[in-house]
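Asker: Chains as they are written, first to last, in this note's numbering: chain Y, 1 to 316; chain H, 1001 to 1316; chain C, 2001 to 2316; chain R, 3001 to 3316.
Simulated from the structure, these hints should not be mistaken for laboratory data. Certain hints may be false.
Stated by the list, open to error - Okay, the calculated beta carbon distance ranges per label pair: (1) Ala-3040(R) x Arg-92(Y): 25 to 35 angstroms; (2) Ala-3086(R) x Pro-2027(C): 26 to 36 angstroms; (3) Asp-2028(C) x Lys-3085(R): 43 to 53 angstroms; (4) Trp-1091(H) x Arg-3092(R): 34 to 44 angstroms; (5) Gly-2084(C) x Thr-292(Y): 36 to 46 angstroms; (6) Ala-2227(C) x Gly-3311(R): 46 to 56 angstroms; (7) Pro-191(Y) x Phe-1185(H): 41 to 51 angstroms; (8) Phe-1185(H) x Ser-45(Y): 35 to 45 angstroms.
The C-beta atom is built at its ideal place from N, Cα and C for all residues, glycine as well.
Number of protein chains: 4
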Amino acid sequence: MKLASKAAMPDLETVVKDIADEMRRRPDRGEVASYIPELARVDPSAFGLVVVGADGTVAASGDCETPFSIQSVSKVFTLTLALGKAGDRLWRKVGREPSGSPFNSIVQLERECGIPRNPFINAGAIAVTDEILSGHEPREALGEILRFLQFLAEDSSIGIDEAVAASEQRTGFRNFALANYMKSFGVLDNPVDFTLGVYFHHCAIAMTCQQLAMAGRFLVHLGRDPATGHSVVQPERARRINALMLTCGHYDGSGEFAYRVGLPGKSGVGGGILAIAPGKASIAVWSPGLDTSGNSRLGRIALETLARKMGWSIFG
Amino acid sequence: MKLASKAAMPDLETVVKDIADEMRRRPDRGEVASYIPELARVDPSAFGLVVVGADGTVAASGDCETPFSIQSVSKVFTLTLALGKAGDRLWRKVGREPSGSPFNSIVQLERECGIPRNPFINAGAIAVTDEILSGHEPREALGEILRFLQFLAEDSSIGIDEAVAASEQRTGFRNFALANYMKSFGVLDNPVDFTLGVYFHHCAIAMTCQQLAMAGRFLVHLGRDPATGHSVVQPERARRINALMLTCGHYDGSGEFAYRVGLPGKSGVGGGILAIAPGKASIAVWSPGLDTSGNSRLGRIALETLARKMGWSIFG
Amino acid sequence: MKLASKAAMPDLETVVKDIADEMRRRPDRGEVASYIPELARVDPSAFGLVVVGADGTVAASGDCETPFSIQSVSKVFTLTLALGKAGDRLWRKVGREPSGSPFNSIVQLERECGIPRNPFINAGAIAVTDEILSGHEPREALGEILRFLQFLAEDSSIGIDEAVAASEQRTGFRNFALANYMKSFGVLDNPVDFTLGVYFHHCAIAMTCQQLAMAGRFLVHLGRDPATGHSVVQPERARRINALMLTCGHYDGSGEFAYRVGLPGKSGVGGGILAIAPGKASIAVWSPGLDTSGNSRLGRIALETLARKMGWSIFG
Amino acid sequence: MKLASKAAMPDLETVVKDIADEMRRRPDRGEVASYIPELARVDPSAFGLVVVGADGTVAASGDCETPFSIQSVSKVFTLTLALGKAGDRLWRKVGREPSGSPFNSIVQLERECGIPRNPFINAGAIAVTDEILSGHEPREALGEILRFLQFLAEDSSIGIDEAVAASEQRTGFRNFALANYMKSFGVLDNPVDFTLGVYFHHCAIAMTCQQLAMAGRFLVHLGRDPATGHSVVQPERARRINALMLTCGHYDGSGEFAYRVGLPGKSGVGGGILAIAPGKASIAVWSPGLDTSGNSRLGRIALETLARKMGWSIFG
């Protein structure tokens, strides 16, 4: 029976290609994010999918070489950096629970004295950025974040889309509200403009699916960089980052993502999702249309199909 | 290196015993639930831990043969039953997202037209019970739930603690509020008294850690009953029940449980927790003292230790 | 100038008749309450207006002799009774602030430990009814409320519409939710069924505009019954009941009513409003169509016109 | 009896003096506002009370000539100005209902699309300021507000306490949050910094009780300036401003103020309250200690005593 099962084992490259082909044909793509003017210009028909397996093999299909704005996917990497710098002290200013509200809600902050519920909603990621910034100039902090991503993806060409950063800086009133609100409770240590400046810029980092899937590998391998074998984070910390991605990585659609896809993942309003199959693969998908929770609509469906075909659920 | 790793593999029985010994000594046990008068009488120093491995071996320590009120742990089994009866129609009356609020909160219901966020908060479990009840007499529905548990645990001695059921029936005003509130939105099909009668009684089922760990085995084995090899639920459904336990199984402490323990689990205010290590083990722990989120304080700590020592996280 | 002003003084009878004529012609009548099935049967074109002046003269027009369900207007009289029995002890279980939410909201109760914000939202009126009930049988308490209204209106024919009471008893799940919720916080002293039984019945009292305007006279005269000269309540208490009517008498439309009409008033979902011009007149209006806040749409417009034409604002 | 009543008519000057004497002796003064550092420096034992009667007579006692920061009392005057400029268009961006929440709550804004509930909570007053600012430079708008107050009070010496304005500008993060939040919904037309600059400065206007009572006279006289006889606002508008003061003038203590004092009033966290007895008197009181709702504790008690002794309730 084991042999039979092996015989039926699907070929990853074929699966990835089939999914990309199917997704490119689907008409129900959701709406491209419009609240940041610059993001609204993206081509809604784009679709890319890259899987980097545990052994380093890469399966890629679709628009895999087109850089897109990673937006909130960057929060996985800033969380990793901030935990490396502050350790468990980070949890003084941000919680670890799903929020039960939209990504930019301010209601929860009022109820809970300005402490955001988790590092993956906007308020929480702003608090994490504030921790990274402490003791540095904004420019230095941003440089550190960017170099960390270049290092993880083994690609020094990764950069920031300044037009997107400027667009959000001009129009991100909701984030100004969140940051000032936390500041009023003493949760932020740095000037609001500094913290938000770094935040807007790291959200505006542009990456391809290829680069993003590479950057996620350390979460597949219990915190080790598979290229060098060096530890990026301790194994326990890697597990915990995965846990947070599972419970909080898709805003108020996190339960649905866990239910359907069964893998830790983090989405961004640019339409990207990074998903991790622990011990098996790092996956990046990109489709700009969003569902009502602000997550990539086809991205989630592609991941659901991929996980089912490959048998990659963490739940059995 | 693999051999070395195997050599260091901890012995399950020793681990279980050590944990039970340590937990019995800890003074910081949390508070026993007092809102149901009958529950307040339980011995706060009780502690039991049972692990049923994938191969059927059992490791048990502490008060493993003492029946306790499983309370909300029963929601895993009523959800399984209801999905078997109603299939995905169940999701018309209950969602799949973490709630971001305490177990008995009514606020979310007002915002979301009487649809509870998930099947594991009280309101959601009442809606699930209502689905099981449809077309039956309360007595029949309750019998079905009880027989399902007896079947899963292979133990026909499992019964209901009528004193606890009566105590909750007399004093469960908050649940009467939740049920009537949902009824006002048309979410419940049956008379409130019928639905709550069944709900209070299935929460009052008394089980030992031994019985509870046995009953959870189908979630370890992708929905199959390991004793008979028969399917209890489809593999995909078993995974999804595990996913819901992970994101929603500990009320507003679900994120923390995922972060620290890294396994799907469901707690009850009686102090019990059922946790699942997919493919590896079904685990039941019982310690009556609760933390501020209403979950067993030492139960969670014991599971965190067990998972770390055995390397059982689903996150890598 | 004073003479001129007097010469221009409008004739009350003409004003009342003109308003009723205009209101009968208006097509924009709002929606008749449908959440109590029995109330939905009422004729939406009905309109009645009665003013009882300080000197006892009566100006009436329209359907003034048709009894309608006074619903929440009864809360003015139960508050008066409860204050007479419990005095300021009543305020242990109910507040005095506008609610900022719809009439049947339960959210505020969760935030404030089961204490309703004021006696004129449903939860608050249930708490007031509970106070009246204490130490009595439901039948006695209800009899006391009914006799109080008969006494104030000088009309022993006032009775309860049993069909409406039974309709609400069968379908008033939201009120069952509110009452059980308060009970869970220990705010209600009596069994929920008893308190709600009395509550549903006093809301189902049927009165004509004529009777209602008569019953409100003591609030015009600083608490004195103008017929007998006897004190119904102390002057200070009469002022305070008027104050509560102004700030809380129209649910989440109370600010709008104060802004537009400028008189204390209390509305009911049966379409009735009792308004008080202190020292000048007691006014009852009835038009069954409601606005989005649950207040009589034409009733409010009629009162706005009446107050403006007669110069009866309390605000100058 | 009327004669007797007249004979018993209390002498205003004596009443005012007695109240001031009593208030100066009371130890229970509440807490001075500390959230604006500069305000925390004020002498907590200060107390002033000034009544300007309808005939122009002035009764004053205590620290009547000491300027204090009027803070939110300024909102009465900015509302008056904005209504003069925008008329009923103002109500597109601000409501007229009590908020049911603290003065600086942001929760309501999320539920209601960034539209503040009324012009007297912070968010509402910021929206009103934004309306005054439209088409002007901040400096011009501020000059207009200041001149309006100087005109009403007949005192050109009224000015702005720049230290208070600067203190709030540096630390008013909560107000920055509110303004950015409204801006994200498109409720504010001007740059957030401009609108808040004007807002912080008009809140920092310093006035004596004497000046404040003079400035309130137009609300006693149906909108007319009693000195010149000229109309400041139309009678209906004056009534409506009084109505808003009554229902919303004391944040989440507005119901209590209406219940106890029975007069329209507006408080500020500087400890000042302006109260209006329509047709009778304009009253300013100042005592820096605040109650838990953020209103002057002794100020409210003084007004309650004054209104009771003078028989000045608007409720009968």
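Asker: All hints are to be evaluated individually against the structure, with a verdict given for each.
Answerer: Outcome of the hint check:
1. Ala-3040(R) x Arg-92(Y): 25 to 35 angstroms: 26 angstroms, holds
2. Ala-3086(R) x Pro-2027(C): 26 to 36 angstroms: 31 angstroms, holds
3. Asp-2028(C) x Lys-3085(R): 43 to 53 angstroms: Between Asp-2028(C) and Lys-3085(R), where Cβ atoms are some 30 angstroms apart, the hint is violated.
4. Trp-1091(H) x Arg-3092(R): 34 to 44 angstroms: Check passed, 40 angstroms falls within 34 to 44 angstroms.
5. Gly-2084(C) x Thr-292(Y): 36 to 46 angstroms: Given range 36 to 46 angstroms: violated, Cβ gap about 53 angstroms.
6. Ala-2227(C) x Gly-3311(R): 46 to 56 angstroms: Violated: the Cβ-Cβ distance is about 24 angstroms, outside 46 to 56 angstroms.
7. Pro-191(Y) x Phe-1185(H): 41 to 51 angstroms: 47 angstroms, holds
8. Phe-1185(H) x Ser-45(Y): 35 to 45 angstroms: 40 angstroms, holds
Of the numbered hints listed earlier, those contradicted by the structure are 3, 5 and 6.
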